[in-house]
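> Sequence:
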Amino acid sequence: MFLTKAYTAGLNQFLTKVRLKSWWIQGLEGPMMLHS
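So the sequence shown is residues 748 to 783, counted in our numbering.
Here are the simulated SDA-like pairs of lysine to any residue, each with C-alpha atoms no more than 20 Å apart in a straight line:
no., residue 1, residue 2
1, K768, L758
2, K768, G757
3, K752, K764
4, K764, G774
5, K764, Y754
6, K764, A753
7, K768, A756
8, K752, L762
9, K752, T763
10, K764, L775
Read the hints as simulated data drawn from the structure, not as lab findings.
Generate the whole structure from the sequences, applying the supplied hints.
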């Protein structure tokens, strides 16, 4: 159970980083689209 929880936590953290990175890249490419 511990390994599953640790894996899930790591996966969630990884997905969060990817999501934040994609938002940051979108903000650089087209800031107007984020505010619309």
